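Fit chain B to the known structure of chain A by using the hints.
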Amino acid sequence: MMAGFFALWQQQSWEHQLLQSRSYTLAQARQALGKTRLNLQDFQALISPAAEPLLPMLAAKAQQFTRQRFGRIQQLFAPLYLSNLCANECSYCGFSMSQKVKRRVLSAEEVEIECLALRKCGIDQVLIVTGEHERKVGMPYFRQMLPLIRRHFSSLMLEVQPLSEADYRELRQLGVDAVMVYQETYQQAAYQRYHLKGQKADIGWRLDCPDRLGSAGVDKIGIGVLFGLADWRTDASFLAMHLLYLQQHYWQSRYSLSVPRIRPCSGGIEVPYPLSDKHLVQLICAFRLLSPSLEISLSTRERPELRDQLVPIAITSSSAGSSTRPGGYAVDPEALEQFSIDDSRSPALYKQRLQQLGLAPVSKDWEPYLGR
Amino acid sequence: MLTLDGVQLNSALLLGTGKFASARQLIAAVEASGTELVTLAMKRLDLQHQSDDILAPLQQLGVRLLPNTSGAKTASEALFAAELAREALGTNWLKLEIHPDPRYLLPDPIETLQAARELVKRGFVVLPYCPADPVLCKRLEEAGCAAVMPLGAPIGSNQGLQTLAMLEIIIEQASVPVIIDAGLGAPSHACQALELGASAVLVNTAIASAADPVAMATGFRLACEAGVYARHSGLAAACTQAQASSPLTRFLETL
Chain A
18 MMAGFFALWQ
28 QQSWEHQLLQ
38 SRSYTLAQAR
48 QALGKTRLNL
58 QDFQALISPA
68 AEPLLPMLAA
78 KAQQFTRQRF
88 GRIQQLFAPL
98 YLSNLCANEC
108 SYCGFSMSQK
118 VKRRVLSAEE
128 VEIECLALRK
138 CGIDQVLIVT
148 GEHERKVGMP
158 YFRQMLPLIR
168 RHFSSLMLEV
178 QPLSEADYRE
188 LRQLGVDAVM
198 VYQETYQQAA
208 YQRYHLKGQK
218 ADIGWRLDCP
228 DRLGSAGVDK
238 IGIGVLFGLA
248 DWRTDASFLA
258 MHLLYLQQHY
268 WQSRYSLSVP
278 RIRPCSGGIE
288 VPYPLSDKHL
298 VQLICAFRLL
308 SPSLEISLST
318 RERPELRDQL
328 VPIAITSSSA
338 GSSTRPGGYA
348 VDPEALEQFS
358 IDDSRSPALY
368 KQRLQQLGLA
378 PVSKDWEPYL
388 GR
Chain B
250 MLTLDGVQLN
260 SALLLGTGKF
270 ASARQLIAAV
280 EASGTELVTL
290 AMKRLDLQHQ
300 SDDILAPLQQ
310 LGVRLLPNTS
320 GAKTASEALF
330 AAELAREALG
340 TNWLKLEIHP
350 DPRYLLPDPI
360 ETLQAARELV
370 KRGFVVLPYC
380 PADPVLCKRL
390 EEAGCAAVMP
400 LGAPIGSNQG
410 LQTLAMLEII
420 IEQASVPVII
430 DAGLGAPSHA
440 CQALELGASA
450 VLVNTAIASA
460 ADPVAMATGF
470 RLACEAGVYA
480 RHSGLAAACT
490 QAQASSPLTR
500 FLETL
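Residue numbers (my numbering), protein chains in the order written: chain A, 18 to 389; chain B, 250 to 504.
For reference, chain A alone in the conformation it holds in the complex (with noise of 0.2 Å):
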């Protein structure tokens, strides 16, 4: 394989991009503002302090563009937490290895279970969710699982430990349509510091796993951010750039971002470099203007007074609903959770919200034979 992001990413000074992200004028703003294909120094300077002035301009314009490309829809679903055993040691996480919680893995028929109560609540888009652990929640429990999900569902997505081009090869066959896999942060130190055992303390195989997936012809890719870890601009500027790189080499994947904000769990650590609603906005806008056919996701870890604010605005999926922990649907609903949930809508409700809000919630557009 052809060097990945791992080797561009290596060329990068975190320090660097954190000064250009602070150095844009109000007229830089504004002429990046000003045009329709942006560049990395375009969304630079969107996010920059300057451009905060700018924030009602950029997010109507963040509108048009969403509703041209994506017209007034948003696609649903629900995530579906299989496992919560981990063997990586992070330290912001609930599910991390040394974290004394009540460990599951479900069976066959817990599976099965929660996913005819997903299809009760009309959910049609899952994404699968385990903690990382590859020992016993690897390729051989995907393969037993993967096939009895796919029955119930038009749409697999899939949140799991990174894997190699040959596992997603096969994935792609059992019937995933999507991969997430989140860099959490792009500051070394940082990412050092917070993931201290397993697998996920290489920064590198994390760093390169979207071009695994390029490779191996996955139709969706989904890269993310956990904002609070390290500087915002930065990682945002990080992940933009790993957003152009992905776009320009794999063509024929989707690109789907998440903007997930640190929350508190029962890890329980400070957040260092929290991100406001303010400029949760200035961001989720900002990626928008820098790509047009971008899907945002938006979970329910936000509350519903922001999610019906910034779902109109430029976010295409969100989740409604949401139990995050194994069973939570209906096997066993008292298991601890990943980490808790501010937006507590059942679907029914959520999508009786989006129409009054003017758009059309979606549960279904895609289909099983596509992209096998």
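Incorrect hints may have been included.
What the hints assert, rightly or not - Computed from the model, here is a short list of chain A residues facing chain B with C-beta under 8 Å: (1) Arg39; (2) Ala377; (3) Tyr386.
Rather than coming from a laboratory, the hints here were simulated on the basis of the structure. Predicted model only: the values in this text are computed from it and were never measured. Yeah, the Cβ is synthetic: ideal placement off N, Cα and C, and Gly gets one too.
Structure of chain B alone, referenced to chain A:
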């Protein structure tokens, strides 16, 4: 009048059904547009759970359905979608769409031609969405397609007839209907396409994304009618010089 597979359609406007805020809004726009043929994505229909909210109202309206293979990146995926559409919707009409590039959704000429050949063999009435390439359009015609659907501009871009020079050649050479698909952003674009000699236009984003989709659908209906009238009545040629309506030399006729 547009004739496809022996069926005459009075409206030169085809409508896409994506991007609307609700089924009700879509239905109102379809009615206002006067269209008799609407295209819908197989990937969007929920046939398995019978929970689809647009299919039944469209069928009730009596418009003809043109299922499309949107989402397919290869000929084989498009063939699969086509068979599914024929079985589920009881029509052998198909809008063939293959776009391996999810960013600009540009059609793949190679896969499209391959799929068109196979679909024609299997008895489909094939309407392929294709690049505005005159040679490809002749090839698709030779493959037995019932029409060709070259793009005016990237889909959803509202840029109008950016491929004008190629569209003129395609229309001049075609012996099947030419339906300009994709990129039409305003009623004037649709009118221009029909004045040029296109048999029909297909519009979705310009209507669905308008502040008032129903009013915009009406605008497109009127523009399409205007375009068809203009074509049939014979457009006068453009000229760089002014030509007086009452020439100064008229006196010569009386001499």
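We went through each hint and held it up to the structure:
1. The interface hint given for A:Arg39 is violated, since its Cβ lies 30 Å from the closest Cβ of chain B, which is over the 8 Å cut-off.
2. Proximity of A:Ala377 to chain B holds as hinted, the smallest CB-CB distance being about 5 Å (cut-off 8 Å).
3. The beta carbon of A:Tyr386 comes within 5 Å of a beta carbon in chain B, closer than 8 Å, and the hint placing it at the interface holds.
Comparing the model with each numbered hint stated earlier shows that hint 1 is the single one that does not hold.
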